[in-house]
Amino acid sequence: MAVAVGAAEAGLRRILLLERHSRLGGILNQCIHVGFGLRYFKEELTGTEYAFRYKKKFEQTAAEVSTNSFVHTVHPEKKVTFVCPEGEFLVSGEHVVLATGCRERTREMLTTPGTRPAGIFTAGLAQEMVNIHGLLPGKNVVIVGSGDIGLIMARRMTLEGAKVHAVLEILDHLSGLVRNKIQCLDDFCIPLFLSHEILEIMGRDRVEGIRFRDNATGRVKEMACDTLLYSVGLIPERDLLLAAGIEPGDGYSVAGNADYVHDLVDWVSRDGEKLGRALRSA
Amino acid sequence: MKAQKKSKRKADKPLDRTKAKKFTCLVCPTCCELETDGSNVNGARCPKGEAFALQEMVMPMRVVTTTVRCDTVGGVKMVPVKTAAPVPMARLFEIMKEIKALRLTEVPAIGTRINAGPAEHPVELVVTGEVDD
Chain A
469 MAVAVGAAEA GLRRILLLER HSRLGGILNQ CIHVGFGLRY FKEELTGTEY
519 AFRYKKKFEQ TAAEVSTNSF VHTVHPEKKV TFVCPEGEFL VSGEHVVLAT
569 GCRERTREML TTPGTRPAGI FTAGLAQEMV NIHGLLPGKN VVIVGSGDIG
619 LIMARRMTLE GAKVHAVLEI LDHLSGLVRN KIQCLDDFCI PLFLSHEILE
669 IMGRDRVEGI RFRDNATGRV KEMACDTLLY SVGLIPERDL LLAAGIEPGD
719 GYSVAGNADY VHDLVDWVSR DGEKLGRALR SA
Chain B
53 MKAQKKSKRK ADKPLDRTKA KKFTCLVCPT CCELETDGSN VNGARCPKGE
103 AFALQEMVMP MRVVTTTVRC DTVGGVKMVP VKTAAPVPMA RLFEIMKEIK
153 ALRLTEVPAI GTRINAGPAE HPVELVVTGE VDD
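So the sequences go chain by chain: A and B. Going left to right, the first sequence walks through residues 469 to 750 as the numbering used here numbers them. Going left to right, the second sequence walks through residues 53 to 185 as the numbering used here numbers them.
Hints listed in this document are in silico derivations from the structure and should not be mistaken for laboratory results. You may find that some hints are simply not true.
[Claimed, not checked] Once the Cα atoms are required to be at most 30 Å apart in a straight line, the calculated DSSO-like pairs of lysine-lysine come out as:
(1) A:K523 <-> A:K742
(2) A:K524 <-> A:K510
(3) B:K73 <-> A:K631
(4) B:K71 <-> A:K510
(5) B:K73 <-> B:K129
(6) B:K129 <-> B:K152
(7) A:K510 <-> B:K62
(8) A:K547 <-> A:K525
(9) B:K71 <-> A:K523
(10) B:K74 <-> A:K631
(11) A:K523 <-> B:K74
(12) B:K149 <-> A:K631
(13) A:K525 <-> B:K74
(14) B:K129 <-> B:K149
(15) B:K65 <-> A:K510
(16) A:K631 <-> B:K62
(17) B:K129 <-> A:K607
(18) B:K73 <-> A:K510
(19) A:K607 <-> B:K100
(20) B:K100 <-> B:K73
(21) B:K152 <-> A:K631
(22) A:K525 <-> B:K129
(23) A:K510 <-> B:K100
(24) A:K607 <-> B:K152
(25) A:K525 <-> A:K510
(26) B:K100 <-> A:K524
(27) A:K524 <-> B:K129
(28) B:K100 <-> B:K71
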């Protein structure tokens with residue numbers, strides 16, 4: 469959306485925005501917590517409110533939107549194929565901008581040893597389950613990694629009646645924002661274990677517990693739990709360009725969190741608009 | 053740039069050491085390190101931070117965000133809400149219980165106000181997102 473706003477400001481016409489979901493806003497739509505928009509809108513908003521506000525701004529532009537549209541291939545010569553309920557379409561343009569955000573790193577990417585029972589989620593998936601679908605992934609939770617989504621989910625799960633036993637962080641410092649540690653962990657007396665590494669997941673059908681090590685002392689401990697949430701980093705999603713063997717630049721750009729991971733959505737909007745305005749001269 | 057930012061901080065005032073407490077400001081992502089004795093605040097880069105520290109000293113307040121269940125013809129939908137004003141931390145779980153007991157029958161528009169809680173402790177909620185019917 470931000471790139472379209474910037475491009476429209478710079479006088480570009482005929483902008484098409486393809487969104488795979490039924491609604492614009494991306495991940496913001498599942499971020500019901502406050503803490504967004506203080507920089508951009510000078511007001512503290514929830515993620516959903518931020519998406520709504522920004523959509524109002526976006527709607528002022530003449531950009532065309534196609535929701536429920538899944539881009540499956542980016543071709544050379546700036547062509548894009550997408551599928552939507554009306555069928556499959558090939559569109560071409562002067563600029564192709566990927567604003568595809570990030571994917572979460574999973575347990576498999578960390579190759580945590582142990583069994584493969586039910587009850588292992590990424591924090592963002594758990595967030596979607598709780599906030600959009602109204603489902604609680606589990607009752608006794610351990611969070612692996614101290615990323616912002618993990619911290620936010622520690623609070624969210626606690627408010628919804630689950631018990632969050634601990635947040636394990638392999639590094640000797642927090643990876644999320646300090647304010648999230650205070651308002652999500654300290655407010656609810658959830659312990660944060662720094663320099664702690666998960667060694668093994670136990671359980672046959674459902675997670676039954678974990679084995680972990682305090683890397684400062686080398687002591688190995690066990691903890692019972694039925695759910696693990698992974699909040700261990702985000703990977704910019706650029707598979708569409710990779711699959712086509714295209715490097716960003718020369719008519720192809722990558723915006724927002726697909727470019728690099730931003731800590732505040734306000735900067736995503738700002739950078740997106742900047743990129744959009746620069747498309748004019750490119 | 054950094055020196056300029058620092059200049060926004062006021063000079064430290066003497067604090068009553070017997071009462072002094074440290075907080076990290078939660079008002080914005082700058083996360084100023086605050087110290088207060090209940091009357092003076094050190095470390096704040098803005099007046100909001102000073103007010104936060106004084107409030108934190110007597111009664112910590114937070115905005116609660118959660119979802120309200122909405123039973124529509126199309127199925128169960130979760131409507132995102134926040135409290136219209138910060139609420140006392142001590143009443144957090146009590147308020148969550150009241151919000152959980154709520155049942156809507158149609159999806160409200162963003163910005164709609166909903167009243168929850170008993171008469172002696174009313175809690176006003178604001179719908180924060182759009183939900184498909």
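Worksheet item: Broken hints, numbered, in rising order?
Response: 4, 5, 9, 11, 13, 16 and 19
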